[in-house]
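Visitor: These protein sequence lines are chains C and L, in that order.
Numbering-wise (my numbering), the first sequence opens with residue 91 and increments by one.
Numbering-wise (my numbering), the second sequence opens with residue 236 and increments by one.
The set of hints was computed from the structure by calculation and includes no laboratory data.
Heads up, a few of these hints could be off.
[Said to hold, decoys possible] Using 16 Å as the maximum straight-line C-alpha spacing, the simulated EDC-like pairs for lysine to aspartate or glutamate come out as follows:
#1 Lys350(C) with Glu508(L)
#2 Lys350(C) with Asp515(L)
#3 Lys357(C) with Glu220(C)
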Amino acid sequence: MVKTLVLFLSLFSTTFCWAQNKTENELYVAGYTIENVNYPIHFFVESKNDSIYLINSKNEVHVVLRDNKVSKDSIGNIVIKKNKEYIVVDFIYDDGSVLDMTFFKAIKDVSITKNVSEVLLNHTFETQLEKTFSSPNSDLQIKKSYTFSKDSLLIVHNYFLQNKLMYAEKELVPYELFQKNNSLFLEIKQSKENDTKRLYQIIKLNKNAITLVHYDQREKITETFKKSTSKHIAKKEFSVCLDSHPKEYYATNPDYKYTKGNNYLLKKIAKSAPSTKGNGYITIHFTINCAKEIGRFGVEQIDTLYKPALYNPDLIKHLINEIALLKDWPDFVRNSNQHDIHAFLMFKIKDGKIVDLCP
Amino acid sequence: MSIKNLSLIFFAIVFISCKSTKSENPFVHLSIEERAKLADYYHEESMKFNPWFQTGKLHRIYKDSALMAVPDHVEYMERASYSYKKAGEHIKAMEMLNKAVAIDTTNGKTTALEYKAWSMLYFYRDYESTIKDVDKVIEISKIPHKACHGESCLLLKAQAYYQLGEYKKAIQTFDYLFTILKEQGVNPKDDFLANFYLARSYFKLNDLDKSLFYLEEQLNMPYSVKAELNFYAGHIYVLKNDNEKAKQHFLKAKELYLQNDKMNEPYIERFDEIFMNDIDNELDKLKN
């Protein structure tokens, strides 16, 4: 009898635990919508009792969907694909087009100081990036800093080469800090032209550092900013019009080329360019926003065998600063997901002089 | 140290190295046929991407996966290099393309080298390499009129000479191309680019009449690009002190430019392609 009772209790507790697991809330934070362009969204998904709840950052429930099922609403079919780490919600429209939203499991292993505002307000935190979100880069050391004030966030990008400052740009953007299910989030509005915001989970915060997590094409991006007293003052302002991956220069019709052509650019930029040593190419990457302003730089220096090379940093600085001044870009028809362009100019170097411009 | 301990360490090293090999290439246990099938699948998936997104991470993951399954597949390697070239990441683009060319040419094939010749001319403006690559394509294939990525290899070679300032060699190469075209029953006048750069080569040699002859001949062809032809004809009339005719050509160039009847190549700017400010500058000079 006791044996039977023990067996019964074990079975009951197992069932209870399983039920507990099933009803436990799982919080997923929005990575992006439209995976290829990484369009920012600021939603959460909560997975509970075989249903998922699409919730905004103000805690308002937008959609409730049955988990692992194909649902139908006024838009069309909705397919939920669930993985160990993320949930993809596909909204399938009647014309067959699909809008994907990807949500990543909120990180539970976090270390956050209690006095968040005190630690952040009026302090600057700096991190080093391999590249900006919108331009490739292999050679610049890019330092991005956040300075928090009560109502806004000052974002500065400093671009260095061989420890020399090449260029600096700044932008002042709205931000918000809020808590959701015991996790702390930073919501930043980096798009100049519309109201899209990107969510960053704060996974570490103390008086010396802040660590943020966001997502790009299924990859988790972790950025650790250390407290900084950097005194580089950026004068130039630059913001992307939409905080998504920009269009490539060849993805417009016709290609997005400077309206005055390469020969004009070559004469203008090479005229007072400092000389260098060697032969090869210097590629300057940049982003052109919808107001035809230039920023978000990247550099690749190669020799004639297409291997990494080094050229005079003064020449690179000259090239970046000359490109930043270019105004005569054509208009382009924006699509709803991309409002900016990634372009590059590749300068051919022969015997230390700029001799050609490609492509 | 005992033999038992030594054996254990040896076993651990073998185990770890086997494991690390596996992690480097997850398809190592598959047969050649299975790997080829898998690579084809990844390739097909990568091709579903809109070209606009071919510089993205996901597209590259599919491309890399295909190459992980079949590491020496020339076509997949060449195509994977496009993603980097389009994004302006040239170290990676050329590393992949050079590897594709090395494998291809070792097997007596020239497809990758043909694309490299095209890239050297238009993308990298490396004219010496263009000539070298075209010569090698013709030498290996034994076909004098080979196509290099959609254009005649000889047209690429002639343009390379033109850009190097070796105008006589450019003209000789165009003439050779025209001879081959005639042998194949093709009217050489139908090749707009070859005739345009032939005209430009004569212009650079100061043979204005011959240059004008080829420009005007192309102006009468149905599929030529008219804004550039008029612009450079206008140039010649300026040098011949016939400002009235020059002005007519520049104004015509402007009109055609606005109708988009001009050079307009995706990805690259063609040699001697014109822009509105070039036309306006010439018209301004005539006013003064």
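Visitor: Failing hints, ascending?
Guide: 3
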